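Student: Sequence:
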Amino acid sequence: MAEATGGRLEGKFAVITGAASGIGAGTVERFVEEGAQVVVADLQVDAGQELADRLGDAAVFVECNVTDEDHVAAGVDLAVSAFWRLDCMFNNAGVVGVVGPIAETSTAAWDETIDILLKGVFLGTKHAARVMVPQ
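In this note's numbering, the protein residues as written are 144 to 278.
These are computed hints drawn from the structure, not numbers from a lab. Fair warning: this is a prediction, and the values are worked out from it, not measured in the lab. Every residue, glycine too, gets a C-beta built ideally from N, C-alpha and C. It is possible that some hints are incorrect.
[Stated by the list, open to error] Beta-carbon label-pair distances, calculated as ranges:
1) V242 x G169: 20 to 26 Å
2) E193 x A272: 29 to 35 Å
3) D189 x D211: 42 to 48 Å
[Claimed, not checked] Derived DMTMM-like pairs: lysine to aspartate or glutamate, alpha-carbon spacing no greater than 25 Å straight-line:
4) K155 x E172
5) K262 x D200
6) K262 x D230
7) K155 x E193
8) K155 x D200
9) K262 x D196
10) K155 x D196
11) K269 x D258
12) K155 x E176
13) K269 x D230
14) K269 x D196
15) K269 x D220
16) K155 x E177
17) K269 x E206
18) K262 x E177
19) K155 x D258
20) K155 x E206
21) K269 x E247
22) K262 x E212
23) K269 x D254
24) K262 x D211
25) K269 x D213
26) K269 x E255
27) K155 x D213
28) K269 x D211
29) K155 x E247
The task is simple: from the sequences and hints, build the whole structure.
Tutor: Structural data, given as structure tokens:
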């Protein structure tokens, strides 16, 4: 995929979590097609790095577990160091989560689901805000 210029997101900089596959990867590609530069943030190191490499200067990869505040902060900080600003935080990382009868659901499985689906969005928004609000 060639880097695009002149799109609706020209001059914009984004972090996308869960960006190495599925909706996340499709979003990364679309953002780049529209002119944005993107931090590809994901736990899938090989797939995430391959996507960023394929997109050239329009993307950089960071290993990111959205349940770990230091990882999320590092993804936002990478956007600022690589692109000098952050215009968009797309908290896309997700899982199906725990399924089955509640009486058989472990607390650990529940906590993991909540951490990924809710805490991950909170952390992404928190760290994006610390950069975006002053801008």
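Student: Quick one: which hint numbers does this structure break? Sort them smallest to largest.
Tutor: Structure breaks hints 3, 5, 9, 14, 18, 19, 21, 29.
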